[in-house]
Structures are given as structure tokens and as C-alpha cells.
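Asks: Please construct the entire structure, taking both the sequences and the accompanying hints into account.
Sequences listed follow chains A and B, in order.
Everything in the first sequence is counted per my numbering, starting at 1 for the first residue and increasing by one.
Everything in the second sequence is counted per my numbering, starting at 501 for the first residue and increasing by one.
It is worth saying that the hints were derived from the structure and are not from the lab.
Treat the hints with caution; some may be incorrect.
Some, not all, of what chain B presents toward chain A, calculated at C-beta under 8 angstroms [claimed, not checked]:
| no. | residue |
| --- | --- |
| 1 | Val523 |
| 2 | Val535 |
| 3 | Ser540 |
| 4 | Thr546 |
| 5 | Met550 |
| 6 | Pro556 |
| 7 | Leu563 |
| 8 | Asn573 |
| 9 | Val597 |
| 10 | Val617 |
| 11 | Val621 |
| 12 | Arg628 |
| 13 | Val641 |
| 14 | Ala645 |
Bear in mind the structure is a predicted one, so any value in this text is a computation, not a measurement.
Ideal Cβ positions, reconstructed from N, Cα and C, are used throughout, including at glycine.
Each chain, written out:
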Amino acid sequence: MELFGQLGQGFEAALTLTNLLYCLIGVTLGTLVGVLPGIGPVATIAMLLPATYGQEPLSALIMLAGIYYGAQYGGSTSAILVNLPGESSSVVTCLDGHAMARQGRAGAALGIVALGSFFAGTVSTLLIAALAAPLAAVALKFGPAEYFSLMVLGLVAAVVLASGSLAKAIAMTVLGLVVGLVGTDVNSGAVRFSFGIPELADGFGFVVVSMGLFGIGEIIHNIEKGAQRDVYAAAVSGIWPKREDFRASWKPTLRGTFLGSVLGVLPGGGAVLSAFAAYTLEKRLADDPSRFGRGAIEGVAAPEAANNAGAQTSFIPLLTLGIPPNAVMALMVGAMMIHGIVPGPQVMTDKPDLFWGLIASMWIGNLMLVLLNLPLIGIWIRLLRVPYHLLYPAILVFCCIGVYSVNQSATEVMFAAGFGVLGYVFIKLRCEPAPLLLGFVLGPLMEENLRRALLLSRGDPTVFLTRPLSLALLLAALALVVMLVLPAVRQTREIAFHED
Amino acid sequence: MSLVSFREQTSAASRIALRRDHVAGAFFVLTGGVVAVAASMLPLGTTMRMGPGYFPLLLGLILTGLGVLIAVNADRDAAEPDVEPGDGAWLRPTIAVSASVILFALIISHLGLAAGVIGVVLVSSLARRTVQWGTALLLGVLLAAGSVAVFAYGLQLPFDVMPPQLALL
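Replies: So, in C-alpha cells, the structure goes:
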């Protein structure tokens, strides 16, 4: 079969010593940021982007991808042991995972998470491999109108997934589009919104924006809150789950994997939504829903399998269509651009080693995570005890160095400080920054495709509705909006985000 | 609970919630307005051949509209207050953290990476009310040594490690 031939080619590319090393570095760092509350995969990937300049493109992408799915593993550790989600997708794991830790069953919870995540990772890797070719074939039929409509769908989905007020989430997306337009307009050469600052002629760098919003802003917020932790580490013994644990959790793991794989593919989807949806589903299916929140192992197994599967399948839209479905994937676009790769369907045919190598590395990385995490859990627990007042100056230092090393520009570091304050203000105003980052990345692309589509149609805006593929995408976006306005869905969304 | 005190409580709660969404709405109206005005000064072009101002003008107007919507609907969002407004707890971390980042920008091109890192650690330590200077200094020196080793020598990023003036001596 062709698929296995291609996967074989991928494994060949991924199994070099250098690439294995970068994969290991990626998943270890990912676990680290997942475990440590207060710094997420977005800020970490942004920080490490400059460090990948000198690497081979495949090594760079393998490492950055490893950080993302590694963080899904690590996030569950702090959720279970400290009742703090190290990463937003682990929020629901806190509910039953921490309850299990209190009952002295932290080991079983951690074990089920590791094994379930590995299973989910394997399935979703295969799924990416199987779906990539057909989707890329569809993508080749895309014209500017379809690309524009697809980006609309992506942005709408991002809005749906943001917590809190819808109007605010839409406003943040539009604001992101605006921030993305700062700089020189490619068509006319006019410089927009630069306020006479020469560094802005090229626009804001996405490292500057993401580091400020997700790194520095979050730090200010955490210091103000005064982070407190309560580590349940004594309870960790017997990592290997018991037989009844397996019996109780294999079905939820299967369902979570499936749900996560599907939701991860949707634009705007990814790990967070998958975890929430899986938890809700298990609670619905349970014979005795009241056990949930009191240490039900299904409530740990399903969402953790789902968030890992979702994290992986969210690479599908990026790799096949060139459209980032979430903030992390937006950064991956940046990483690819740095290495002169334009994300999209042509990557698969032009750079098969890179494409299949990245996919193969995901399975390898998942295997490493299981092997790493079960024996090393003690180290992560010790790290959890590092007080925040020692941690945050270190994170700030890495942020500063990360921003500075992109262009050796002190001005950009100052911009990052500005975005940091802005990010903090957004947290205070309950405006989520993730849609902003997505809008920021998509802004120039959207304008470009809008222009082209309207030029081709001689200024007729109905072109978006008369082309069937474009219409289908816009209808999907509309369906998402309508669904959201329905009371039942709205309620679930509110419950899902209630734990924040 | 008497009706009066209940009413007082709910009105107090909604006043705080109102304030947050009014601020958010005002922020978006202001930003959208500035964007729209700035964009309208650029050539707009036509729908078929859009000028540099067309798309931003559209976005600016949408943003302004959304800001109004957020402010008007503010009372519907009766979320519990996050931190009491006006207690000033936000001021210290905001200033210390952003100042430390700006300081890094000023230091690194003149005094080098090591000094920049120590500067960030010392100034950002001011973000908490209780500052342990000894710990902060030690952390700063350790991080500076680590950053120089990893970023300047390990990854070969082009940083001045020490003040460039020293190299001239």
C-alpha cells in the first residue's frame, strides 16, 4: 500500500540521530511546560522559534511539534497532583484526576493517562497519514474565494471555542486582523499604521505578539493572583493501573480518541474542545453520573485521550490546506516560513521527506513520552515544587532573549513589553487572546485572497456564494454560529468553560 | 436576607461587571475608530481593485460596532468580580514586569547579554511585595551564566556577551 510506503519514508527521515534528539528535546520541553503552570505551549514555541534558525527544517518542526503534544501529557500531571491545569486542555482532568489523587490513586490516574494518550497518539497519527492525501487533493482545487471562505470558517470556529462573551471573542479576532495588517501593503507599497516607526514597516513579528500576549501578560496576571499550590505527591505509587482500572477505562479511551481525532481536524478545534467534549460524553454515558468529579477514572481517561488525539489531528488543516486551526498551529506556520516552506497542499508533493517525517516523528514522540513519563514522574513532581517567584524571572529572561534573537532588535523587545501589558489588560477584561493571534496570522492572507477573489470576479462579491466549495465552507461557518445561538449548545459551552 | 440588602448586593455586583464590559467596549470602540480614521486617509480603491485602506476601513468599522455592542450588552454579563477594582494590586506587577523587559531592551545592545539577564531578574523581582534580594541576585547570576552558555555559545546566536566596550580594552 502506498500509505505504508510513505510512512516508511517518513520513519526513515525521522529516525536519524539528530531528529531523534530534537524529538526528545521537544517532548521533554513540552512535558516541562505542561507540568509547570503559568507557561503554555504557545509561549514556549514562540520562545524557541529563533533557536531553530540553524536547524534543518524537519528537525525544527519535529521539535516544535513535540512541544505541543508533549504539553498535553505534562498538563495532566499537574492537573492530577496539584489540581492546577498546567495547560488549558487539562482543565477537565483536574476534576476527577485530583479527586483520585486525594484518594491515594494518583498513580493509577497518571498511568491511565500515559497509556491512553499513547494509544490516542498512535490512532491519530495513522489518521493524519490516511487523510492527508485526499484533503490535499481537495485543497488543490481551492481558488482565492475558497481560501477566503475557509479562513472565515477558521476564525468563526476560533470564536466559538473562546470562552466568555461571543461579541468579545469576535472583537478580538477582528483586532487580530487589524494588528496583522500593520506594515507595508504588498499591493500598493503603502505603509499602514506604522506611526512613523521604521521597525513597523515589516509589521509586528508574531514572536513579539504571541510572547507578549501569552507569556508576559500571563506572568503579570499570575503574580497578581499570588499562585498557591498544594502538591499531592505522597500518593504516587503503583503507576501501572490495576486490572479494574483498565476495564473501566478502555472504552472511554476509545471514545475519547475518536472524538478528539474528529474535533481536532475542525478549524478552531484542537486539544481544549476535544477534552471538554469527551468529558461531557462520558458523563452522559455513565450509569452513575454522580461519580464524576469524585474520582471517576473515565473522567480522566477520556479527556486525556481526546486532547492528545485532538492536538495531533489539528496538524491536518495546517499540513494539507496551509490554514492554522489554532494558535499553536499559527506559530507552526511561522516556523515553516522561517525555513522557506509555504504551508499548504504542495508541501506533501514537494517535500515528502519533511511531510511524512513530521508525521512519523509524532508517533515516535508519543512513544518517547510514555517511556519518559512513567519512570520520570518523580522529577516532574519535584519541579512542581519550584516556587513561582523563582520561576517567573527565568521565564521572563527566556521571553526577552527569544524576542531579541529574532532580529537583534531592542525595539521589538519593547513592543513585546507593550503586548504584555495589553495581554494582561485582556485577561482582566475577560477577552481571550487566542482568537487575536489567529486573526493576526490570517489577516494578511485573508486580505490577499479577498482582493484576488474580487479582482477575478470583477468586483462581484457574490463570487463567494456561487462557487460551491466556497459556499459550503461559508455555510459550515454559518452553521457553527447558529449552533452557538441555540440554547442547548450555549448551555454546554457555558458549563464547559465554567471551570476556568 | 432582606429585600433591600439583596437589591444592594445585586446592584453592587452588576456595577462591577458593568464596569469591566464598559471598559472592554470602550477599548474596542476607540481602537476601531482610530483604525477607521487612519484607514480612510489611505487610498480606498474600489471593490474590484482594493486600495490599501479598503480592508482596514472595513475592519475598523466592524470593530467599532462590536465595541458598542459589548458596552450596551454589558449588564447581561453578570459575572462575579475578579478582583475588586481600585485595590491597586495590579500596579506593582504590571510596572515591574514590563519595566524589566524594557530594561532588557535598553541594556542588551549596550552592556551585553549577561547584564541584561541580571537586570531582568532584579527588576522583575520587584513585582512581589516581599523581595529577597540575595535570592534574586543569585538567580540572576545563575540564569546569566546559563543563558550565555546555551544561547551565545551553544546555539551561537549573535549576542554581545559582555559590554562591547570591554572587548576594546
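Asks: Of the hints given before, which are not true for this structure?
Replies: Of the numbered hints, 3, 13, 14 do not hold.
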